[in-house]
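S.K.: Each chain, letter by letter, is given below.
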Amino acid sequence: MEVDDILRNFDTEVGQRSQKPKVDLYTSLSRVMLNERMAPEILPYQKDLLDEVLSRITNQQQLLLDSHEYGDVNIDSGIITSDYKLQLMIMETDIERLSYLVRLYLRVRLSKLETFTIHYIRLTGERDDTKATLLSDEEQEYLTKYMGLLQSLYNNSILKKIPRELTYLDEVESDISMVTTPDVDEMVFIKVLRDETITIPLEDEDELQLEKDAVFVVKYGLISGYLNIGDVILI
Amino acid sequence: MFGDQANKLVLDAHRTSNLPEITLYQSDLVDDIVKETNDLGRDVDYITEQQRTNPEGTSAEQIVALECQLFVARLSMRRNKRCLLAHQKLRADKMNEFAWLNIDPSDSNSTPQPSLTKTGALGSNYTTRMILDNLSNQEQEYFKQYSQLLVDMKSKYVDIDLSGDLEPPTSIFIDVRVLKDGGEVQTEYGVFNLIKDSQFYVRKSDVERLIQQGYLEEL
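Order-wise, the sequence lines are chains C and P.
Per our numbering, the first sequence starts with residue 1, numbered consecutively.
Per our numbering, the second sequence starts with residue 1, numbered consecutively.
Derived from the structure by calculation, the hints contain no laboratory data.
Given the structure is predicted, the values throughout are model-derived calculations rather than measurements.
For glycine and all other residues, C-beta sits at the position ideal for the given N, C-alpha and C.
Be careful, since some hints might not be right.
Label pairs and their computed distance ranges (CB to CB) [what the hints assert, rightly or not]:
| # | chain 1 | residue 1 | chain 2 | residue 2 | range |
| --- | --- | --- | --- | --- | --- |
| 1 | C | S177 | P | E67 | 19 to 27 Å |
| 2 | C | D51 | P | R203 | 57 to 65 Å |
| 3 | C | L169 | P | D31 | 53 to 61 Å |
| 4 | C | L202 | P | N7 | 36 to 44 Å |
| 5 | C | T115 | P | H14 | 28 to 36 Å |
| 6 | P | D152 | C | L25 | 27 to 35 Å |
| 7 | P | T187 | C | G148 | 35 to 43 Å |
Construct all of the structure, not just a fragment, from the sequences and the given hints.
M.R.: If you want it as structure tokens, here you go:
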């Protein structure tokens with residue numbers, strides 16, 4: 001019985017959701033999304049998490065479709081209670097919320113790529129290990145193509161018409177570089193997750209003590225290392 | 001004076017950045033600036049040529065004067081270039097914003113787009129209107145290719161609907177009011193007709209496009 005199998009699946013899925021792993025996935029996705037949203041620079045792409053979430057969304061959507069079909073077929077036979085529809089609604093709402101988080105995450109990353117295009121082209125071009133983890137394959141492709149588009153727009157409308165020595169896009173002129181880079185001195189709100197206190201040395205021999213569960217406003221550059229290993233989160 | 005034209009262009013760009021639409025491409029102004037830049041380039045060539053061929057016959061004062069002239073010309077050229085690029089980049093960014101909305105650009109001034117109801121996530125200066133005739137040829141080409149890039153990107157995340165609403169979802173079903181007539185719409189739950197001022201209770205994911213295109217308004 002295929003449909004029954006699916007329903008049994010559905011039941012276990014619903015059961016799982018109230019337990020720990022599902023909560024963790026959701027929380028970590030929210031965290032990842034918020035980190036990305038608040039950080040001035042692009043953070044390493046969370047491949048494992050995203051793959052997991054994406055495949056679950058696909059599965060749930062398929063399950064939802066099948067369940068709807070099952071409901072429609074058996075609507076007159078009395079097997080279907082009104083609870084059944086409600087369950088499906090709850091499931092769908094949940095999928096919507098997950099997709100929303102993923103959507104926001106990906107869109108924020110794309111918008112950063114568009115703002116700092118040349119900077120990230122350079123960054124991903126020079127070091128292979130950053131290239132592997134910073135962006136997903138899709139994002140890398142997007143970045144390259146976008147740069148191409150921008151370049152040809154500049155060339156066609158301006159650069160090919162002006163003297164040749166002016167055609168560079170990455171000049172440094174009176175100490176101001178043409179390439180915009182993320183501002184790592186931006187102030188961010190953080191929350192500390194690590195149990196032990198983190199001590200960060202500041203200028204003029206001051207120290208900053210980050211205690212667990214405390215909230216601070218600090219320059220992004222100071223804590224970016226701890227952010228990447230998950231000791232602090234941005235809020 | 002050198003740079004006055006470029007200044008105009010930057011002011012125009014600044015004004016545009018606060019508008020929900022893209023203004024007419026200032027091709028005359030851009031051409032003027034390009035011309036000025038090229039003239040300056042020739043000046044620079046001429047002066048350097050003179051310095052090279054005639055290093056002695058000039059007094060120290062003249063040399064200083066030439067150096068200054070050279071310096072100003074080079075600076076102005078670079079300034080012009082930066083202004084041109086900044087202007088172009090701003091327009092490109094606005095085209096990008098628009099491309100994410102999934103609305104067709106209108107062809108000319110004669111067919112005014114219905115003003116869109118603002119959603120909270122987009123600022124008041126988010127580009128919600130674009131008239132193709134306002135773009136230069138190169139920009140139209142860029143817009144076309146950028147849209148294609150988006151389609152490619154979206155097709156990799158079909159389940160997510162990348163260009164969907166950036167407001168957190170509240171419920172699956174919503175009340176909508178029809179803002180303009182527009183034929184029949186098929187959904188999973190049946191068919192409804194878009195007749196102005198009628199109201200429906202529909203699944204949000206089914207009508208998201210219609211809201212973005214200005215047919216429906218969420219209540």
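S.K.: Does each hint fit the structure? Answer for all of them.
M.R.: Hint-by-hint comparison with the structure:
1. S177/C - E67/P: 19 to 27 Å: Hint holds: Cβ distance 26 Å, inside 19 to 27 Å.
2. D51/C - R203/P: 57 to 65 Å: violated (28 Å)
3. L169/C - D31/P: 53 to 61 Å: The hinted range 53 to 61 Å is violated for L169/C and D31/P, with Cβ atoms some 21 Å apart.
4. L202/C - N7/P: 36 to 44 Å: holds (42 Å)
5. T115/C - H14/P: 28 to 36 Å: violated (18 Å)
6. D152/P - L25/C: 27 to 35 Å: Given range 27 to 35 Å: holds, Cβ gap about 28 Å.
7. T187/P - G148/C: 35 to 43 Å: holds (39 Å)
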